[in-house]
Amino acid sequence: MTEVKPIFSAEGLVKRYGRVVALDHCDFDLNPGEILAIIGDNGAGKSTLIKALSGAIQPDEGQMYLNGQPIEFSSPVDARRHGIETVYQTLAMSPALSIADNMFMGREIRRPGFRGCVLRQLDKPKMRKIAQEKLFNLGLTTIQNIDQPVETLSGGQRQGVAVARAAAFGSSVLILDEPTAALGVKESRRVLSLIEQVRDRGIPIILISHNMPYVFEVADRIHVHRLGRRLTVIDPRKRSMSDAVALMTGAMEPD
Amino acid sequence: MDQQDNSKKVLFNANDEIPTFVGSDRQSHVTTYLHNNPAAVPLTVLLISIIVFGVVAGERFFSPFALTLIFQQVAIIGIVACAQSLVILTAGIDLSVGAIMVLSSVVMGKLTFDQGLPPEVSITIGLLCGLLIGLINGLLVAFVKLPPFIVTLGTWQITLAINFLYSGSEVIRSQDIARQAPILQFFGGTIEVGDAVITYGVLFLLGLVCLSSYVLSNTAWGRHIYAVGDDPVAAELAGVSVNRVLIEVYAIAGLICAFAGWALIGRLGSVSPQAGQLTNIESITAVVIGGISLFGGRGALAGSLFGALIVGVFSLGLRMLGADVQWTYLLIGILIIMAVTIDQYIRKKVL
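Sequence order for the protein chains is H and D. So the first sequence is numbered by my numbering: it starts at 1 and just counts up by one. So the second sequence is numbered by my numbering: it starts at 1 and just counts up by one.
These are computed hints drawn from the structure, not numbers from a lab. Just to be clear, a hint being listed does not mean it is correct.
To be verified - No more than 25 Å apart at the CA atoms, straight line, and that leaves these computed lysine to aspartate or glutamate pairs for DMTMM-like: (1) Lys124/H <-> Glu248/D; (2) Lys348/D <-> Asp147/H; (3) Lys134/H <-> Glu236/D.
Next comes chain H alone, as it looks inside the complex (with noise of 0.2 Å):
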């Protein structure tokens, strides 16, 4: 098999929060096109090295390359200027704005000439129409109405239109924060697949979640996290299940 040069990685990266570390001299590496899914026990460290991927916070020590330069980021804002968007768990949408606004939130698009110039007024006909196809494209096609407020929508619709925006704006890696947790069965299917269509669409992910039937469903490469570091990374078609919680655990050393 020949080498896969990885999109987006990190060598020997290590937090420190006072005696507690955190990060122990941990690696990452996400290739082009792929589903990683990042699985490891609570206090692994994986919201850690999330956090330092998505630029929440900053390492103590250790490199982290995008397409294969040294990166830094300066904040969550910096990331996602080089392209990597992160949904959090919490989405970050304002409730009570439309979708439209949230699509746009942070980046939004003024009209031409005087109007945008001067008067620094909005095209909000055409923000509408990019925020509806986003949606279109990703198969979002309930969503009736563009101006809706973001808190009339189901669990499931609002993490679709949180992926669509993070999916939406030319973004190079896509970190989703346990994107499932708070659904149901039905609109976690509906998740998946809708995780499914980015990453066919060419954006590679990052998925943290718990639940190992999702995990084993969609990803094309499992990053097992233990005591601060990378143990291992599984083939989830090589592996079972109880293979990955083992090595989560402790009970298995890797081969």
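Given the structure of chain H, go ahead and fit chain D onto it with the hints provided.
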């Protein structure tokens, strides 16, 4: 050609398998409507109260003179309520609005009459003074992370104390202003069309409401104000500079209050350090009756104009009917509680 067809087919098939989400039907049409048109309730209340008073009090109330008089009477509160609305939309509150207004008017008067500065210069300094106090409010809220209620409770007292210390509680008389610096009374100037009397202060209020509404709904900055009030953490993660928005909102609110101070001179004729003691409470009343949520992120600015007008209609209407002024307060109290109940209902319904 073949390839194109194939890709179309693939897309089509993909579409077939596309997951669909079932929308929630929990919302009734009424709540959706109220959600999208938060000013509809106060506007309805306003129209109904005008009609009721028009029927009961007859010609006296339902005349161009009386109806424009209401506008004149609520102009100051309406202007301050615009400032208050901006702050409340960010889930804050500004108790210092009235004090800023009065201090600004005192600065404009004192600099003109005691320091002998040209009135235009005094007015500019008075406006900057309001901007500065607003800026201080904003910096304390954004960077020191103090609750807005506490910050502005403090700056309210401080500003009011400075007002009395600086002015020595002295009133600058209307005749003196009219003779020496009539521009201070600019907003008291009137346009009369038949019986209808419109002051420049009223025109300023209407212009301000239109401008602010435009900014809130049609500019990125306006949408950011809603986002900050709705969920500051989400707004920050979406790339909104929350602190900057907060500082700008409080500073602009201070500036608007200073304009209200200028308009206050026009309304009273004189510069009076004792004026506007209840302005902060009255402005919050207008905003709340106007359907803007005290929890931030919801409401339309026009609502607070309607809120102020409702208060104006009630006080004038009841006075014409010869009712005790306490009836006005009683009814306003009921309206406040009703307005907040409706807000809670809308927020609960959709969550």
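These are the hints, each one checked on the structure:
The straight-line distance between the Cα atoms of Lys124/H and Glu248/D is roughly 24 Å, inside the 25 Å bound, and the hint therefore holds. Taking the CA atoms of Lys348/D and Asp147/H, the gap is about 19 Å. The hint holds against a cut of 25 Å. With a C-alpha separation of about 23 Å, the suggested pair Lys134/H and Glu236/D falls inside the 25 Å cut-off, and the hint holds.
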